[in-house]
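Participant: Line order of the protein sequences matches chains A and B.
The first sequence begins at 1 in UniProt numbering and counts up one residue at a time.
The second sequence begins at 1 in UniProt numbering and counts up one residue at a time.
None of these hints come from the bench; they were simulated from the model.
Ideal placement from N, C-alpha and C gives every residue a C-beta, glycine not left out.
Warning: the hint list may mix true and false statements.
Heads up, simulated DSS-like pairs for lysine-lysine below, C-alpha to C-alpha not over 30 Å straight-line [unchecked claim]:
{"id": "1", "chain 1": "B", "residue 1": "K156", "chain 2": "A", "residue 2": "K352"}
{"id": "2", "chain 1": "B", "residue 1": "K352", "chain 2": "A", "residue 2": "K156"}
{"id": "3", "chain 1": "A", "residue 1": "K352", "chain 2": "B", "residue 2": "K352"}
{"id": "4", "chain 1": "A", "residue 1": "K294", "chain 2": "A", "residue 2": "K458"}
{"id": "5", "chain 1": "B", "residue 1": "K352", "chain 2": "B", "residue 2": "K294"}
{"id": "6", "chain 1": "B", "residue 1": "K352", "chain 2": "B", "residue 2": "K156"}
{"id": "7", "chain 1": "B", "residue 1": "K294", "chain 2": "B", "residue 2": "K400"}
If you want the footprint, here are the derived chain A segments under chain B, 3+ residues with CB under 8 Å [as the list claims (entries may be wrong)]:
{"id": "8", "region": "11–22"}
{"id": "9", "region": "56–66"}
{"id": "10", "region": "211–220"}
{"id": "11", "region": "342–353"}
{"id": "12", "region": "492–499"}
Now the in silico label distances, taken between C-beta atoms and shown as ranges [to be verified]:
{"id": "13", "chain 1": "B", "residue 1": "P336", "chain 2": "A", "residue 2": "E484", "range": "48 to 56 Å"}
{"id": "14", "chain 1": "B", "residue 1": "Q5", "chain 2": "A", "residue 2": "S505", "range": "21 to 29 Å"}
{"id": "15", "chain 1": "B", "residue 1": "T10", "chain 2": "A", "residue 2": "E418", "range": "50 to 58 Å"}
Number of protein chains: 2
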Amino acid sequence: MSGWQGRVPTDAVELAGLVPFAGPAPSTQADKDARRARKVVGSLTEAISRSGLGDGDTISFHHHFREGDLLILQVLAEVEALGIRGLTLASSSLNACHGDVVGYIERGVVSRIYTSGMRGTLAARISRGGLLPHPVQVHSHGGRAALMASGELRPKVAFLGVSACDEFGNANGTSGASRCGSLGYALVDAMFAETVVLVTEQVVAFPNTPAVIRQNRVDLIVVVERVGDPSRINVGATRTTTNPRDLLVARRATDVVEHGGFFVDGFSIQTGSGGAATAVTDYLGERMERRGVKAGWALGGITGSMVALHERGLVGRLLDVQSFDLVAASSLERNPGHTIVSASEYASPAAKAACVDELDVVILSALEIDLDYNVNVLTGSDGLMMGASGGHCDTAAGAKLVVVVAPLIRTRIPTIVERVTTLITPGSNVDVLVTDYGVCVNPRRPAVAERLAAAGIKVTTIEALFARALEICGRPRAVETTDEIVGVVRYRDGSVIDVVRAVAS
Amino acid sequence: MSGWQGRVPTDAVELAGLVPFAGPAPSTQADKDARRARKVVGSLTEAISRSGLGDGDTISFHHHFREGDLLILQVLAEVEALGIRGLTLASSSLNACHGDVVGYIERGVVSRIYTSGMRGTLAARISRGGLLPHPVQVHSHGGRAALMASGELRPKVAFLGVSACDEFGNANGTSGASRCGSLGYALVDAMFAETVVLVTEQVVAFPNTPAVIRQNRVDLIVVVERVGDPSRINVGATRTTTNPRDLLVARRATDVVEHGGFFVDGFSIQTGSGGAATAVTDYLGERMERRGVKAGWALGGITGSMVALHERGLVGRLLDVQSFDLVAASSLERNPGHTIVSASEYASPAAKAACVDELDVVILSALEIDLDYNVNVLTGSDGLMMGASGGHCDTAAGAKLVVVVAPLIRTRIPTIVERVTTLITPGSNVDVLVTDYGVCVNPRRPAVAERLAAAGIKVTTIEALFARALEICGRPRAVETTDEIVGVVRYRDGSVIDVVRAVAS
Chain A
1 MSGWQGRVPT
11 DAVELAGLVP
21 FAGPAPSTQA
31 DKDARRARKV
41 VGSLTEAISR
51 SGLGDGDTIS
61 FHHHFREGDL
71 LILQVLAEVE
81 ALGIRGLTLA
91 SSSLNACHGD
101 VVGYIERGVV
111 SRIYTSGMRG
121 TLAARISRGG
131 LLPHPVQVHS
141 HGGRAALMAS
151 GELRPKVAFL
161 GVSACDEFGN
171 ANGTSGASRC
181 GSLGYALVDA
191 MFAETVVLVT
201 EQVVAFPNTP
211 AVIRQNRVDL
221 IVVVERVGDP
231 SRINVGATRT
241 TTNPRDLLVA
251 RRATDVVEHG
261 GFFVDGFSIQ
271 TGSGGAATAV
281 TDYLGERMER
291 RGVKAGWALG
301 GITGSMVALH
311 ERGLVGRLLD
321 VQSFDLVAAS
331 SLERNPGHTI
341 VSASEYASPA
351 AKAACVDELD
361 VVILSALEID
371 LDYNVNVLTG
381 SDGLMMGASG
391 GHCDTAAGAK
401 LVVVVAPLIR
411 TRIPTIVERV
421 TTLITPGSNV
431 DVLVTDYGVC
441 VNPRRPAVAE
451 RLAAAGIKVT
461 TIEALFARAL
471 EICGRPRAVE
481 TTDEIVGVVR
491 YRDGSVIDVV
501 RAVAS
Chain B
1 MSGWQGRVPT
11 DAVELAGLVP
21 FAGPAPSTQA
31 DKDARRARKV
41 VGSLTEAISR
51 SGLGDGDTIS
61 FHHHFREGDL
71 LILQVLAEVE
81 ALGIRGLTLA
91 SSSLNACHGD
101 VVGYIERGVV
111 SRIYTSGMRG
121 TLAARISRGG
131 LLPHPVQVHS
141 HGGRAALMAS
151 GELRPKVAFL
161 GVSACDEFGN
171 ANGTSGASRC
181 GSLGYALVDA
191 MFAETVVLVT
201 EQVVAFPNTP
211 AVIRQNRVDL
221 IVVVERVGDP
231 SRINVGATRT
241 TTNPRDLLVA
251 RRATDVVEHG
261 GFFVDGFSIQ
271 TGSGGAATAV
281 TDYLGERMER
291 RGVKAGWALG
301 GITGSMVALH
311 ERGLVGRLLD
321 VQSFDLVAAS
331 SLERNPGHTI
341 VSASEYASPA
351 AKAACVDELD
361 VVILSALEID
371 LDYNVNVLTG
381 SDGLMMGASG
391 GHCDTAAGAK
401 LVVVVAPLIR
411 TRIPTIVERV
421 TTLITPGSNV
431 DVLVTDYGVC
441 VNPRRPAVAE
451 RLAAAGIKVT
461 TIEALFARAL
471 EICGRPRAVE
481 TTDEIVGVVR
491 YRDGSVIDVV
501 RAVAS
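So that you can see chain A by itself, here it is in the shape it has in the complex (with noise of 0.2 Å):
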């Protein structure tokens, strides 16, 4: 009639569907004890028994470390040696470095991938078809956090690599040696998978304050020697140039973003990734020095550019989803105006609220855009996928001003064609592009042609500047696809907007 010592009337009414109290859990020291330190496991094997991952489960990782990743191998090799097979890999994005993906793929252990973008050799290998038994699923950075939203992407396992965490798996990108800045996309992951391994390389003393990745939602932590190299995060898509052709593309760039009609105090910027991109980011502030315009703040990969003009009291804060250097990196702990994001918090459609629909101005680069001002940054003139979709078509939902910045043309090939080969951002979110050769505007904003033409900016027409490729260039050839669909290209609210079928050989 009644629970713990007397107290509680378990038939009361009051309390139907109520549990009585059992009694306390036992709590003499040992079990204290025994309740600390223990998330931290003693292999990558273990944590992966222990997650309980099996056969045809989805493991996700983030792409932080960019060219430096050095845990996507390593738990592959360990997931293979448990026999495990038909994983789905989920990475925020993979490169170069993850050509090793391939002879997985080969061995039956990776069956399927979600990821932002490839490149080098596993990029080419799945290119040419007949390797990964179903279509890449390519979506944007914040797409992947509406894919978890959905329910379609749900880890079962995420092994997320950090530079140090504390043994409750309290963790940043700030400590420790291996130091990648921002963890934007991993609090996605850290978020929706149903187990979260932290693989670190190092544990520190409880708390590990300010904490990016927290406690609660972490389940086990491994110690291996390295998770990434910071060294290679600026390697390949971040690189600043010193090409004059980039430099020129660049400063024109930066004359659309002054006179395009966005340039006044309180602004809000974001200047991506690729040569000319990053390189705007230092015109940039020379041209709110001279008319004394300040930015209210600069969103998505922060480069050591972009903190300088942070630093210079140009840029109000920072909003930091991937740090694209070492600079961008230890800035976010020592400027307080320098914060992260998540990959939800900075793009996602699904999301309550996403950063990209307060910005101003985008600079974005293209590998292709088609007289429609379509855009592709996945495939090559060769028809291979080799590079990603990052934050492309969610910055040009959401930005007032998009600008792409691109030469005319690259080793004898335009850049303008008639039809993109792989549609990644549609033309009606594109405004403005800038070559080496002109600069265009996208007919649906005449208001912008016309602020340009009042500051003297030369706009010429995409058709016209196609015409001059073509000239340069002649028409390329027609790139050959077989009837495989090897990459299915899904828009930033999940819809197919395209797909990438097999480059014949």
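Got chain A; can you put chain B on it based on the hints?
Facilitator: Frame of chain A, contents of chain B only:
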């Protein structure tokens, strides 16, 4: 056969189950402008209407302003005006300032309550029975997070008062006028409520970083004149004391901390609220300097005294679920070692880790403690509810050394009783009782008793202290209760550990 612009082969087996792109969303300047500021609505009434709140739903609040809360009554007035009835009021706690909730109960607007505790008129009226149709569910701070995680407590609408936020809903308690500091309890509501309404005194420029409540959890924003009076945060439970008896107890408790076995470099501590408990913090600083011992971190409700220890370098980190005064609230802004933890991270038994499990020492108060060391912090000697469960049973379950401080006698009523009126924390989780008449140690911790004795601290038994109290006061009259259950006390794991019966009038 094929979707958007001929790119998507909708009948391909590889696309089974996926949705083809339907064309880009409208993306004119007006559309983009409309997306901004869509969350900010003109009035509380409008926010309530747009939230879809209906009869029988649950509305939730945080109590970071403690006795200065101005929000609950504002919302109830608007809810009543809209004719909504039968609500569950789920505030992380309720205080004496909420006396007018009685009227809303009488008029049928509120029919259930979840709270950590109650004080004043509301508590007295409910305790006398016949008012609230269902018993109050009394939970701990960690238990509330667990009830939300389990789904028993899922607010339809959380109304979260903040001093300032941006138009997307990025908020913290450290900017704007009425700053409450930590938003640790509110973070749980922001995570679990179906609709999150920020009630703010000010909308500031985006991005309001560092953001504690994040934009991607916020649905609606309402500006009101005042959400809370921060000068009343430290009224009541968290007052500092000049009472010589409290100071005596505090000094003795500090002796116990110093010699109880856990006063070593890097130790951790929570000193809780209540006059004597907060005074311990000041004494502790002297002992730490004298002995050359530094604490690694302090947890819980953070006071100005604890901030002073942090700023003197005596406490490494502050983990703040609730700022107990304005000094603590402002410290969050300037001290990088002082960070916020959510109630889940603080103490939830359902979370993957709770800070309380890493705690070495906790100082707790008691309204009653019985011969089995069971503690009551909810009901007074008159049987009326007058306190709060708070983090009492959470920290007692986690900490290595649990020290309860209390005067032996309050207004001629002994604090030590044969059996506590209401059980909040089981005695098996309580180690030491410090009173103004002596110190006793739970027999299940003989090693602690030996250490204290070895340090020259006179240790007596709880039976001896009980006898002394009876000598002075005589045996108090038993409280007469009716059969009506007015409160259900939930242990941190959600189980029912006791009930509160109505006091017979």
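Participant: Against this structure, judge whether each hint is valid.
Facilitator: Structure-based check of each hint:
1. Of the supplied pair hints, the one linking K156(B) and K352(A) holds, its CA atoms being roughly 16 Å apart against a limit of 30 Å.
2. With a CA separation close to 16 Å, the supplied pair K352(B) and K156(A) stays within the 30 Å bound.
3. Taking the CA atoms of K352(A) and K352(B), the gap is about 26 Å. The hint holds against a cut of 30 Å.
4. Using a Cα cut-off of 30 Å, the hinted pair K294(A) and K458(A) holds, with the two alpha carbons roughly 26 Å apart.
5. Distance restraint check for K352(B) and K294(B): the Cα-Cα separation of roughly 28 Å lies within the 30 Å cut-off, and the hinted pair is therefore satisfied.
6. Taken as a hint, the K352(B) and K156(B) pair is honoured in the structure, with Cα atoms around 25 Å apart against an allowance of 30 Å.
7. At most 30 Å may separate the alpha-carbon atoms for a hinted pair to count; K294(B) and K400(B) meet this at roughly 17 Å.
8. A count of 8 residues in the region 11–22 of chain A with a Cβ less than 8 Å from any Cβ of chain B is obtained; the coverage claim is therefore met, three being the minimum.
9. Only when three residues or more bring their CB closer than 8 Å to a CB of chain B does the claim for the region 56–66 of chain A stand; here the count is 0, and the claim is violated.
10. Counting residues of the region 211–220 of chain A whose beta-carbon sits less than 8 Å from any beta-carbon of chain B gives 7, enough to reach three: the coverage restraint holds.
11. Under the rule that three or more residues need a Cβ within less than 8 Å of chain B, the assignment of the region 342–353 of chain A holds, with 7 such residues.
12. Judged by the Cβ-Cβ criterion of 8 Å, the region 492–499 of chain A is covered by chain B as claimed, because 6 of its residues qualify and three suffice.
13. Between P336(B) and E484(A) the Cβ separation comes to about 53 Å, which falls inside the hinted range of 48 to 56 Å.
14. For the hinted restraint 21 to 29 Å between Q5(B) and S505(A), the CB-CB distance of approximately 27 Å keeps it satisfied.
15. Distance hint for T10(B) and E418(A): a CB-CB separation of about 23 Å, inconsistent with the stated range 50 to 58 Å.
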